[in-house]
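Visitor: Protein chains in written order, with this note's numbering: chain A, 1 to 245; chain B, 1 to 222.
Rather than coming from a laboratory, the hints here were simulated on the basis of the structure.
Every residue, glycine too, gets a C-beta built ideally from N, C-alpha and C.
One should not assume that every hint holds.
Derived EDC-like pairs: lysine to aspartate or glutamate, alpha-carbon spacing no greater than 20 Å straight-line [claimed, not checked]:
{"no.": "1", "chain 1": "A", "residue 1": "Lys84", "chain 2": "A", "residue 2": "Glu134"}
{"no.": "2", "chain 1": "A", "residue 1": "Lys160", "chain 2": "B", "residue 2": "Glu4"}
{"no.": "3", "chain 1": "B", "residue 1": "Lys218", "chain 2": "A", "residue 2": "Glu102"}
{"no.": "4", "chain 1": "A", "residue 1": "Lys75", "chain 2": "B", "residue 2": "Glu123"}
{"no.": "5", "chain 1": "A", "residue 1": "Lys76", "chain 2": "B", "residue 2": "Glu123"}
{"no.": "6", "chain 1": "A", "residue 1": "Lys114", "chain 2": "A", "residue 2": "Glu162"}
{"no.": "7", "chain 1": "A", "residue 1": "Lys28", "chain 2": "A", "residue 2": "Glu183"}
{"no.": "8", "chain 1": "A", "residue 1": "Lys84", "chain 2": "B", "residue 2": "Glu123"}
Here are a few chain A residues that face chain B, going by a calculated C-beta distance under 7 Å [what the hints assert, rightly or not]:
{"no.": "9", "residue": "Val52"}
{"no.": "10", "residue": "Lys83"}
{"no.": "11", "residue": "Met87"}
{"no.": "12", "residue": "Ser91"}
{"no.": "13", "residue": "Val109"}
{"no.": "14", "residue": "Thr110"}
{"no.": "15", "residue": "Val111"}
{"no.": "16", "residue": "Ser222"}
{"no.": "17", "residue": "Gly224"}
{"no.": "18", "residue": "Ser225"}
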Amino acid sequence: MLQIRDLSKNYEDLKVLDQINLDIESNKTTVIIGPSGSGKTTLLRCLNLLAVPDIGEIDLNGIHLSFLVNQPIQKKRILDFRKKTGMVFQSFNLFSHRTVIENIIEGPVTVLKKKKSEAMEDGMALLKKVGLEEKANQYPRQLSGGQQQRVAIARALAMKPEVLLFDEPTSALDPELEIEVLEIIRKLAKEHYTIVIVTHKMGFAKEVGDKIIFLENGKILSQGSYSELYNSGNERISRFLNTLQ
Amino acid sequence: MFNERVLNILQESFFKILIPGITYTIPLTLVSFAFGLLLAITVALIQVSNVRVLTPIVKFYVWVIRGTPLLVQIFIIFYGLPSAGIVLNALLAAVIAFSLNVGAYASETLRAAILSVPLGQIEAGYSLGMNYFQVLHRIILPQAFKVSVPPLFNSFIGLVKDTSLAANITVTEMFMVTQRIAAKTFEPLALYCEVAVIYLLFCTVLSKIQHMAEKSLKLEQG
């Protein structure tokens with residue numbers, strides 16, 4: 001379980017996240033939706049500390065971090081926390097100087113100090129899982145966007161994270177390529193990975209989301225299953241859900 | 001103007017000029033560039049990592065070297081420092097001056113290359129739990145190195161020609177030797193053109209090496 005308590009984040013005078021309280025259940029898929037600028041991506045980035053919250057608490061299966069203003073958290077604790085989370089970026093961010101398989105074993109070898117042979121074996125299994133084992137020795141630039149994102153998912157999985165974070169994983173892709181990435185995420189959801197996904201794809205949110213979080217102006221406006229949100233009677237939310245149907 | 005006498009002079013002087021090129025110009029370039037590059041890497045890393053006391057010092061160094069003429073720097077080191085009790089032989093003074101000069105310019109090249117690595121690459125490294133040094137070593141530097149190859153060759157080729165300034169402090173490199181022959185034979189046009197051609201030959205070889213290096217790094221493919 002990933003618990004977030006009273007988490008706030010400001011960028012100078014702008015309140016991006018305002019006292020967020022949230023329980024992300026293990027083995028479930030949580031979808032974060034909301035209009036642009038609502039703080040979705042910042043919230044996700046706070047969950048692996050690429051953005052460090054100003055105040056609040058985060059607890060991931062017993063690893064507890066408290067954030068206080070003017071009390072920077074130890075770097076070692078940030079790194080240890082990040083090892084437990086996997087991030088998939090909107091723009092893939094595969095290491096451009098490394099082949100596909102090198103991208104995947106980078107974390108296990110450099111960070112987890114795994115043996116290269118062992119990491120290679122695991123990496124090839126992951127590539128098979130995302131259907132790209134024949135691309136192992138190609139460079140990211142030789143792949144389509146959809147294929148790159150699938151490799152990025154395998155790279156995140158290679159760290160055996162306790163929670164997988166997806167930041168608008170398909171918004172840089174053509175509709176055609178989008179399908180293959182959504183297919184993988186769907187598969188992971190069925191395998192009961194703990195997933196948090198920021199997306200604008202309402203159909204997909206409805207399909208895979210065990211819980212939907214609606215964020216606006218840095219606050220959680222509503223949370224629950226899709227039908228709970230849809231039937232909540234909150235006009236703002238129904239309108240948002242309808243426009244993006 | 002290219003009568004038989006001039007052609008004879010050119011022929012006789014060719015090896016007289018080429019040999020100091022091989023024994024002075026090339027080693028002077030290679031040694032100065034090697035030290036300069038080491039210095040540049042250190043300076044660039046200090047700048048991007050923002051080390052408390054060192055960053056202002058290296059910034060000052062880059063400011064001074066880039067803001068003063070190389071010839072003046074050479075004169076300060078060879079003719080000036082003895083007044084402060086530091087007497088260096090001409091070759092050593094030249095190596096120090098050229099290394100300091102390359103170090104300042106190449107450090108800016110490397111700094112720009114490091115800054116050109118997209119933030120997404122760095123964040124991807126951090127998201128895997130890497131620390132700063134792992135990200136620097138595994139992600140930033142390999143990518144920055146590739147980007148910096150063409151401009152570093154620029155500095156390298158520039159240095160080949162700059163070594164001619166060492167003639168001013170009694171280093172008997174190619175240009176100094178050419179000046180002597182020109183003074184003896186009264187054929188400055190032919191001889192200075194001849195040494196220019198030899199510099200051009202050296203730099204052509206370097207351009208070829210650059211081309212091969214870029215090819216093996218697959219730079220064309222971006």
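Visitor: Are the hints correct? Go through all of them and say.
Guide: Hint by hint, here is what the structure shows:
1. Lys84/A to Glu134/A: At roughly 28 Å apart (the allowed maximum being 20 Å), Glu134/A and Lys84/A break the hint.
2. Lys160/A to Glu4/B: violated, 81 Å
3. Lys218/B to Glu102/A: Measuring from Cα to Cα gives roughly 17 Å; hence the hint holds.
4. Lys75/A to Glu123/B: holds, 15 Å
5. Lys76/A to Glu123/B: Given that 20 Å is the threshold and the Cα spacing comes to 17 Å, the pair holds.
6. Lys114/A to Glu162/A: holds, 18 Å
7. Lys28/A to Glu183/A: holds, 17 Å
8. Lys84/A to Glu123/B: The given pair, whose Cα atoms are some 16 Å apart, holds under the 20 Å limit.
9. Val52: With Cβ-Cβ at 11 Å, over 7 Å, it is violated.
10. Lys83: Since chain B brings a Cβ to about 4 Å from Lys83/A, closer than 7 Å, the hint holds.
11. Met87: holds, 4 Å
12. Ser91: holds, 6 Å
13. Val109: Not OK, violated: Val109/A not within 7 Å of chain B, min 10 Å.
14. Thr110: For Thr110/A, the interface hint holds, since the closest Cβ of chain B sits about 6 Å away, which is under 7 Å.
15. Val111: holds, 4 Å
16. Ser222: violated, 29 Å
17. Gly224: violated, 29 Å
18. Ser225: violated, 29 Å
The earlier numbered hints that this structure contradicts are 1, 2, 9, 13, 16, 17, 18.
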